[in-house]
Amino acid sequence: MNLLILSVGRRCEIVDYFKQEFDRVLAVDITEYAPALYHADSYFVLKKDLEAPLDYMEGVLKICEREKVTAILTLIDPELLLLDQYRQRFLDIGTIPILSEAKVIRNTYDKYSFYCENREILNLVATYDSPEEVLEKHSFDNNSPLIIKPICGSGSVGINTIHYANEFKTLKFNRKYHYIYQPFIFGKEYGIDLYFDMNTKRIVSIFMKEKISLRAGETDKAVSVFSDDIWREVKKMESCGRFSGPVDVDVFVKNDGTVYLNEVNPRIGGGYPMAHACGINFMKLTAGNLRGETHSPQIGGYPEGVKMMKYSQVLSLNGRES
666 MNLLILSVGR
676 RCEIVDYFKQ
686 EFDRVLAVDI
696 TEYAPALYHA
706 DSYFVLKKDL
716 EAPLDYMEGV
726 LKICEREKVT
736 AILTLIDPEL
746 LLLDQYRQRF
756 LDIGTIPILS
766 EAKVIRNTYD
776 KYSFYCENRE
786 ILNLVATYDS
796 PEEVLEKHSF
806 DNNSPLIIKP
816 ICGSGSVGIN
826 TIHYANEFKT
836 LKFNRKYHYI
846 YQPFIFGKEY
856 GIDLYFDMNT
866 KRIVSIFMKE
876 KISLRAGETD
886 KAVSVFSDDI
896 WREVKKMESC
906 GRFSGPVDVD
916 VFVKNDGTVY
926 LNEVNPRIGG
936 GYPMAHACGI
946 NFMKLTAGNL
956 RGETHSPQIG
966 GYPEGVKMMK
976 YSQVLSLNGR
986 ES
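Counting from 666, one number per residue, gives the positions in the sequence shown under this note's numbering.
What the hints contain is simulated information worked out from the structure, not anything from laboratory work. There's no promise every hint is true.
What the hints assert, rightly or not - Computed cross-link-like contacts, EDC-like style, restricted to lysine to aspartate or glutamate with a CA-CA straight-line distance of at most 16 Å:
1. LYS768 / ASP742
2. LYS853 / GLU875
3. LYS901 / GLU785
4. LYS900 / GLU785
Unchecked claim - Distance ranges between label pairs, derived from CB positions:
5. ILE758 / GLY957: 18 to 28 Å
6. LEU719 / GLU766: 21 to 31 Å
7. LYS727 / MET666: 14 to 24 Å
8. ASN808 / GLY759: 53 to 63 Å
In this text, a Cβ means the ideal position worked out from N, Cα and C, and glycines have one as well.
Using the sequences and the accompanying hints, generate a full structural model.
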């Protein structure tokens with residue numbers, strides 16, 4: 666089986682893990698300076714304009730057809746929407762997009778939509794759509810700041826904090842964003858890696874890590890944990906649409922023990938290598954599903970208390986002699 670991964674960027678480990686389970690792994694990025702390209706068996710550099718993606722997607726389709734690609738996935742949120750739009754085109758040439766259903770992709774990309782759609786099912790962080798709604802429903806008393814962020818943001822871009830109501834008048838908002846507003850949760854933050862079986866749409870694998878620090882929205886340092894309370898809340902996602910394959914979830918546990926789900930991204934998370942290091946293997950589950958296998962749930966069972974830290978490496982390539 667051949668797998669094509671879009672927007673590989675710096676995710677060298679992700680490419681390496683997939684190579685252990687697939688015959689060939691191909692990679693695409695918009696720049697030749699994406700180090701994960703050079704970990705793949707073959708790579709392609711394609712220019713991309715998300716406002717006019719036709720040329721980019723036609724290029725991806727040609728690669729899939731020429732290289733007999735079995736399945737395709739992306740590592741970034743905006744391309745989930747693109748892959749969904751072209752889902753049938755890929756299926757027509759025999760390439761399976763590793764994607765959740767269209768409704769799930771749209772709702773998780775639009776954070777306010779996800780909140781409105783699922784607040785009766787999940788215990789979600791309260792989310793407001795406008796300063797007017799904030800002033801009506803949120804109290805800034807007792808040190809209760811607000812987190813503001815783009816409704817369709819990614820990678821912690823555009824995030825700010827508001828401590829007082831009068832800051833709405835002085836804060837300089839970036840006009841290209843539509844913002845949402847959420848109360849700051851005092852407690853601990855966790856990253857949850859889920860795998861939904863592509864046949865049953867049920868959770869068959871989970872990994873939890875307590876986040877110690879972040880970098881550009883991704884977990885940078887963490888400790889492996891398992892919490893029955895978090896598991897009970899996360900499992901309710903099976904009633905929130907047909908998720909499929911890897912899903913990345915941010916969870917807060919308030920100081921009083923209340924569990925809140927926050928952002929849900931239906932793709933492999935940037936912190937997944939920490940799960941893999943503890944024996945979780947989403948790549949093996951993916952390959953098995955593509956072969957027609959249906960997996961049974963294996964919840965927990967990994968070592969807890971494992972400390973994990975990311976670090977940078979340098980990749981050097983030969984250039985031309987001057």
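Pair hint LYS768 and ASP742, alpha-carbon separation not exceeding 16 Å: Answer holds: LYS768 to ASP742 is near 14 Å, not above 16 Å.
Proposed proximity, GLU875 with LYS853 (alpha carbon, max 16 Å): Roughly 7 Å between the alpha carbons, so the hint for LYS853 and GLU875 holds.
Distance restraint evaluation - LEU719, GLU766, Cβ atoms, bounds 21 to 31 Å: holds (24 Å)
Agreement of LYS900 and GLU785 with the hint, judged by alpha carbon distance not exceeding 16 Å: Satisfied, since the Cα-Cα distance of roughly 14 Å is no more than 16 Å.
Whether the CB-CB distance between ILE758 and GLY957 falls inside 18 to 28 Å: Once the Cβ atoms are compared, 19 Å apart, the range 18 to 28 Å for GLY957 and ILE758 holds.
Outcome of range test on Cβ distance (LYS727, MET666; 14 to 24 Å): holds (19 Å)
Given pair status - GLU785, LYS901, alpha carbons within 16 Å: With a Cα-Cα distance of about 11 Å, the restraint between LYS901 and GLU785 holds, given a limit of 16 Å.
Outcome of range test on Cβ distance (ASN808, GLY759; 53 to 63 Å): Distance hint for ASN808, GLY759 holds at roughly 57 Å.
Checked against the numbered hints listed earlier, the structure breaks none of them; every hint is satisfied.
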